[in-house]
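*Asks:* So you can see what is in the structure, the chains are spelled out below.
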Amino acid sequence: MKNDHKAAMSGERLRLTPGIKDTRPHLPYRAVPGILPEVPREKTDACCGTPSGLMTPPSLTSGDAPYGHCLQGHVPSPVGPVPRLSTRLTARDYWGGLKVRLGLGRDRYAMPAGLYAVGRPGPRSPVLVTANYKLTVDALRTELSTHDAWILALDTNGINVWCAAGKGTFATDELVHRLKASRLDQVVTHRKLVLPQLGASGVAGHRVKQRTGFQVIWGPIRARDLPAFLKNPQKTPPSMRRMSFTLKERITLVPVEISAAFRPAAWSLGMAMLMALLLGMAGPAPFKTVLHTMLLGVTATVVGLLSGAVLTPILLPWIPGRAFALKGAFLGLAAAFISLLAVYPDMTVETSIALTMMTIATSSFLAMNFTGATPFTSPSGVEREMRWAIPAQALVVTIGLIGWLQAVWAG
Amino acid sequence: MRNMTYLPGVSTLTLDTSRCNGCRTCTLVCPHAVLKMANGHAVIGNRDDCMECGACALNCPQEALRVTPGVGCAAYVLQTWFKGKEAACCGESGCC
Ligand code: SF4
Ligand code: SF4
Chain Y
-3 MKNDHKAAMS
7 GERLRLTPGI
17 KDTRPHLPYR
27 AVPGILPEVP
37 REKTDACCGT
47 PSGLMTPPSL
57 TSGDAPYGHC
67 LQGHVPSPVG
77 PVPRLSTRLT
87 ARDYWGGLKV
97 RLGLGRDRYA
107 MPAGLYAVGR
117 PGPRSPVLVT
127 ANYKLTVDAL
137 RTELSTHDAW
147 ILALDTNGIN
157 VWCAAGKGTF
167 ATDELVHRLK
177 ASRLDQVVTH
187 RKLVLPQLGA
197 SGVAGHRVKQ
207 RTGFQVIWGP
217 IRARDLPAFL
227 KNPQKTPPSM
237 RRMSFTLKER
247 ITLVPVEISA
257 AFRPAAWSLG
267 MAMLMALLLG
277 MAGPAPFKTV
287 LHTMLLGVTA
297 TVVGLLSGAV
307 LTPILLPWIP
317 GRAFALKGAF
327 LGLAAAFISL
337 LAVYPDMTVE
347 TSIALTMMTI
357 ATSSFLAMNF
367 TGATPFTSPS
377 GVEREMRWAI
387 PAQALVVTIG
397 LIGWLQAVWA
407 G
Chain X
23 MRNMTYLPGV
33 STLTLDTSRC
43 NGCRTCTLVC
53 PHAVLKMANG
63 HAVIGNRDDC
73 MECGACALNC
83 PQEALRVTPG
93 VGCAAYVLQT
103 WFKGKEAACC
113 GESGCC
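If you read the protein sequences in the order shown, they are chains Y and X.
The first sequence begins at -3 in my numbering and counts up one residue at a time.
The second sequence begins at 23 in my numbering and counts up one residue at a time.
If you're looking for bench data, these hints aren't it; they were derived computationally from the structure.
Any given hint could turn out to be false.
Derived SDA-like pairs (lysine to any residue); straight-line CA-CA distance at most 25 Å [claimed, not checked]: (1) Lys95(Y) <-> Lys188(Y); (2) Lys105(X) <-> Leu391(Y); (3) Lys163(Y) <-> Thr102(X); (4) Lys244(Y) <-> Leu98(Y); (5) Lys244(Y) <-> Asp221(Y); (6) Lys188(Y) <-> Cys45(X); (7) Lys227(Y) <-> Lys163(Y); (8) Lys163(Y) <-> Met59(X); (9) Lys244(Y) <-> Thr27(X); (10) Lys58(X) <-> Lys176(Y); (11) Lys244(Y) <-> Met26(X); (12) Lys163(Y) <-> Thr90(X); (13) Lys176(Y) <-> His70(Y).
Pulled from the structure, derived: some chain Y residues nowhere near chain X, Cβ distances all over 10 Å [said to hold, decoys possible]: (14) Gln68; (15) Arg80; (16) Gly115; (17) Arg116; (18) Asp221.
All C-beta atoms in this analysis are idealised placements derived from N, C-alpha and C, irrespective of residue type, glycine included.
Turn these sequences into a full structure, and let the hints steer you where they fit.
*Replies:* Now the structure itself:
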């Protein structure tokens, strides 16, 4: 997937190589360099996952760029034309969003940072600040289909507001910089910015006011509450300001959890299989029995993966315990019990216990990893639970593995 | 999911009421309604609901609130243990 994408992007780059004329200078908004939505910055911190080369210079009219089709002409402003966002999603938006949600392809899905318009905004229209994550911009523009507003997208490397605020890219400095770069003070006559509430862990409202004169108004958490908020900004019902974690929200996280767990799981399983194969070949058991026991190990791990990365997110509020590792262990035990009855009823007690332990440890570890995707786990809490959970998981998985390898050996 | 209380007694959140000027900003930015107003100044309601996001402390103009902010992500914490604070990041895990 990533390679496909790279290929597509390098195709685009080809068209922009020196010698072949860059068409961008001829675009109308080139006349106002300050307001031109900026190309997403190449990522600097190498650890955060995007293969280099994904952020090739986009051209706003390019049909290949993931956002070209979101634009609908320009809106005039005192500093020149501003690209206008369509408030309707097309099949391409849905497809792109689906791919991102399924964890396929790129994990960063960026629009160029800068100023955009929805509807026909003027000097008194509200300014909504957001991240340059395309799904966030999509949510915003569709909610604003009957509004005239300016949208200022900060460069968060194509990450959503909440995560970017935590990472320090949706931040005071970036907001101040982007305000100046887009010359917003000339575009609007008022001095107010509406920011999503979840950006507050990255942006200090009073500092923005000190540095730019613009007052930060904390808008609702969810884009869908924006129309109601814009109608009456003084009165936000408490529900607008509270984080939610609905069944639907949890289900959408499952594919991401699976794709995150897949590689390490496949890797450790591969290692274990190799060890088992060597042991089994050296041992007295017939090859068929060895294979059978090996397969049981795979089943136990996959059951643990399903329990920890699929069932735990979905059933989260109903699983007993507060620590995620504990929740995962509970569910792993239940899942192992069911699969013992269904898949391996003819096992010896020792092997059953070993397989159960492998399932529990896998499930517990993956459930604990789910803390990263929830909107309510504190770092102090995660660290507290990990201090006992990691050694416990390591112990359980080691005993389980030894028991299973022993079974492979003995047949 | 209504009850979003995680582990009890771990949050690093503190409030120095004597510095608070009652501007209410913290009550607007907290995504878990931990902070409330009483007698013209902020008070900590259910401290165990705090996820240490740091929004209140960052936005308190009086520096009355303090918290050690961070991301509650096991993959991240693991990395801080093994690679140190600087090298750690959420990477490709489900965090972000
Ligand atoms: S933000 Fe600070 S000064 Fe304002 S009410 Fe909260 S604690 Fe008090
Ligand atoms: S750190 Fe975040 S969750 Fe905790 S009280 Fe402050 S704003 Fe609320």
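*Asks:* Confirm or reject each hint.
*Replies:* Hint check results:
no.	hint	in the structure
1	Lys95(Y) <-> Lys188(Y)	violated, 36 Å
2	Lys105(X) <-> Leu391(Y)	holds, 22 Å
3	Lys163(Y) <-> Thr102(X)	holds, 15 Å
4	Lys244(Y) <-> Leu98(Y)	holds, 14 Å
5	Lys244(Y) <-> Asp221(Y)	holds, 17 Å
6	Lys188(Y) <-> Cys45(X)	holds, 18 Å
7	Lys227(Y) <-> Lys163(Y)	violated, 32 Å
8	Lys163(Y) <-> Met59(X)	violated, 29 Å
9	Lys244(Y) <-> Thr27(X)	holds, 19 Å
10	Lys58(X) <-> Lys176(Y)	violated, 35 Å
11	Lys244(Y) <-> Met26(X)	holds, 16 Å
12	Lys163(Y) <-> Thr90(X)	holds, 14 Å
13	Lys176(Y) <-> His70(Y)	holds, 20 Å
14	Gln68	holds, 30 Å
15	Arg80	holds, 29 Å
16	Gly115	holds, 27 Å
17	Arg116	holds, 30 Å
18	Asp221	holds, 13 Å
Hint check: violations occur at hints 1, 7, 8, 10; the rest are consistent with the structure.
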